[in-house]
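Novice: Line order of the protein sequences matches chains A and B. All letters in the first sequence, in the order written, are residues 1 to 196 by my numbering. All letters in the second sequence, in the order written, are residues 1 to 460 by my numbering.
Hints listed in this document are in silico derivations from the structure and should not be mistaken for laboratory results. Wrong hints could be hidden among the right ones.
What the hints assert, rightly or not - Listed next, with one range per pair, are the computed distances between beta-carbon atoms:
{"hint": "1", "chain 1": "A", "residue 1": "R67", "chain 2": "B", "residue 2": "A170", "range": "43 to 51 Å"}
{"hint": "2", "chain 1": "A", "residue 1": "F90", "chain 2": "B", "residue 2": "A170", "range": "22 to 30 Å"}
{"hint": "3", "chain 1": "B", "residue 1": "Q327", "chain 2": "A", "residue 2": "G73", "range": "49 to 57 Å"}
{"hint": "4", "chain 1": "A", "residue 1": "D93", "chain 2": "B", "residue 2": "A127", "range": "37 to 45 Å"}
{"hint": "5", "chain 1": "A", "residue 1": "A37", "chain 2": "B", "residue 2": "A170", "range": "49 to 57 Å"}
{"hint": "6", "chain 1": "B", "residue 1": "A175", "chain 2": "A", "residue 2": "A37", "range": "47 to 55 Å"}
{"hint": "7", "chain 1": "B", "residue 1": "D123", "chain 2": "A", "residue 2": "F90", "range": "46 to 54 Å"}
{"hint": "8", "chain 1": "B", "residue 1": "A127", "chain 2": "A", "residue 2": "S85", "range": "28 to 36 Å"}
Said to hold, decoys possible - The following residues of chain A were derived to be distant from chain B, with all beta-carbon distances above 12 Å:
{"hint": "9", "residue": "S9"}
{"hint": "10", "residue": "K38"}
{"hint": "11", "residue": "D42"}
{"hint": "12", "residue": "V51"}
{"hint": "13", "residue": "I68"}
{"hint": "14", "residue": "T70"}
{"hint": "15", "residue": "V110"}
{"hint": "16", "residue": "D133"}
{"hint": "17", "residue": "S135"}
{"hint": "18", "residue": "S136"}
{"hint": "19", "residue": "G152"}
{"hint": "20", "residue": "L194"}
Using N, Cα and C, we set each Cβ at its ideal position, and we do this for glycine too.
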Amino acid sequence: MDSRETILSSIRKHLAASPPDDQPKPVFPESVVAPAAKSLVDLFKENVEAVNGHCIVTRDVSQAVTRIITDLGARKIAVSDTPPSAEEIFEYDVGITGAQAAIAETGTLVLDSAREKHRLASLVPPVHIAIVDASSIFQTLAEALAFIHQNGDISPAVTFITGPSRTADIELTLAIGVHGPQELYVIVNQGPSLSH
Amino acid sequence: MNHLSSETFGENAKAALADTQLRGALRHATSLFGKRRLEAARSLSNWEDLRTEARAIKDEVLLHLDRYLETFTANAEKRGAVVHWARDAAEANEIICGLARQRNARTIVKSKSMTTEETHLNDALEAAGMQVVETDLGEYIIQLAHETPSHIIAPAIHKTKGQIAELFTATLGMAPTEDVAQLTSTARATLRDRFAAADAGISGVNFGVAETGTIVIVENEGNIRLTTSLPRIHIAVMGIEKVIPRFADLDVFLKLLPRSGTGQRLTTYQSFITGTKRNASDEGPEELHIVILDNGRSRMLAHPLTRQSLACIRCGACLNACPVYQQVGGHAYGSVYPGPIGAVITPQLIGIEKTAQLPYASSLCGACREVCPVKIDIPRLLLHLRAEVAAGPKGNAMERMVFKIWARVMMSPSLYKLGSRAGRMMQRVMPLSRAWTSGRDLRPIERQSFRDLWKTKYGQ
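Chain A extracted, bound-state conformation (with noise of 0.2 Å):
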């Protein structure tokens, strides 16, 4: 019997011995969604900024865009559909990258591998700037989570991204940028969406 067997029939066994549970089962309501009170990019943006990213919204994303990496004197820009090669890119400044989807209630970014091939660019490098359409933020996790496993397929590696990288392992004090970027910059775009 080979290791698979040897597990699955240990399983069987144990509950087949098992006395049945005495425990009543529990009935639980819907749970039901309240609307947000505010707008869905004003409450993810709040939520963004809440785990120390920055969140802009506007309708022209390429300023938006240019006027980060001036301010910031970045000279070596990766951008997700066009990368450098996984050894290259820890030499750049700059990552920047679109997201699928958002969630609202958390300030998360959804990047999924069907569309953003390249998600390195959104972890290595010190910066990263993420592009999401206004329209793409869902209010809640169940909601995005539907719809990265739509028609019941997945891509191989979606990501959810909620902040700049993080770290509480020394005394549990804060320290930003451990393994990933130490800036988060959220552009909300408000203008025509760029995804196509």
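Using the hints, position chain B against chain A.
Specialist: Positioned in the frame of chain A, the structure of chain B alone reads:
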């Protein structure tokens, strides 16, 4: 103070109580974690419903665990993952060492995984001649210090920044500083080189979704993303209990886990990994191997009570809430999993003989049960394990006899009356057993019983 044994919990605890630096670090960390958890739980109006729902989902999985594991495996393999099954720690380590050896891996980056702590994977890989680097900051600190984690989600919780600064100065040649940002960036710079050189990445798994074959891993630092996307091969290790039925169930667990663990609404990163990449030119590893580990878990299915232990999602909330853990910390337990859940899991994983003291490392106050996001009845489980200890060779025959008599007396009104009268007389001449009373307040029996008092006041 490292590598203590569970068999000497009492002595370990005494030593920990004398360590003022440790107790300061613990007080700070556990109270802060506790406060943040409470605030985060209160931010959701349906927290209690979520706990109930999470437990119901876990119960459903555990009752049909064979089926869900098979579905998970079939779906993960359909998407290009290779699934391995390991009966115990030795087999898991053998599989992983074999995979690394076949690919001539020399440098291996690892993200935090309690399951691989349980199997002592690092020792096995090092014995096979490979260099293993822990990349979670807390894990990296304790790896440099040659210690073991003292908390499920904050492995270096027992160390002060002064101690960490000394460690970095001695091992990494850092200029002395106690600035946390500086310490963090020193670790970042050192670890970046290791990531760039890594031949293989090893991670744990928070949830395995049967419906899609997806593994979900949560983190704050970004080291899991690097570990699972830079090297050519990714090996993920998961206990059999990590599987959940449906993708949509993640909504419940991703609300409960970060709030219970760190008090966050969501951790910075969630990685949802489903099989391997679709095109060779895409980012990400070429191979994904998932090692499913039993190592004593399937035994726990044999009783509804012990089965609960497998519902645990490793958030660490019960550690922070426990008055025993708050005072003695994780190392005193002498086990990979410390705190209340550790005292429940460890005896079941490695046998009650070597861990007979752990079920007693609790005041049974119930704080752990209050905070548990999946409502595990830890105090009841501890009592269940204590009964097992008491009935076994480590049980005290005298204690057994005393409680047998006690039970008889308590069930009979006349014996009870007689007993309390005898006790009242005896307590003047004979002190109670020292072992029992030295750590407990036991009030002397009142001079007059309630019945007698009633009789004198109100007649018959």
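Novice: With reference to the structure, classify each hint as holding or not holding.
Specialist: Hints and how they fare:
no.: 1; hint: R67(A) / A170(B): 43 to 51 Å; result: holds (45 Å)
no.: 2; hint: F90(A) / A170(B): 22 to 30 Å; result: holds (27 Å)
no.: 3; hint: Q327(B) / G73(A): 49 to 57 Å; result: holds (51 Å)
no.: 4; hint: D93(A) / A127(B): 37 to 45 Å; result: holds (41 Å)
no.: 5; hint: A37(A) / A170(B): 49 to 57 Å; result: holds (53 Å)
no.: 6; hint: A175(B) / A37(A): 47 to 55 Å; result: holds (50 Å)
no.: 7; hint: D123(B) / F90(A): 46 to 54 Å; result: violated (30 Å)
no.: 8; hint: A127(B) / S85(A): 28 to 36 Å; result: holds (34 Å)
no.: 9; hint: S9; result: violated (8 Å)
no.: 10; hint: K38; result: holds (16 Å)
no.: 11; hint: D42; result: holds (17 Å)
no.: 12; hint: V51; result: violated (8 Å)
no.: 13; hint: I68; result: holds (20 Å)
no.: 14; hint: T70; result: holds (25 Å)
no.: 15; hint: V110; result: violated (9 Å)
no.: 16; hint: D133; result: holds (21 Å)
no.: 17; hint: S135; result: holds (22 Å)
no.: 18; hint: S136; result: holds (18 Å)
no.: 19; hint: G152; result: violated (8 Å)
no.: 20; hint: L194; result: holds (21 Å)
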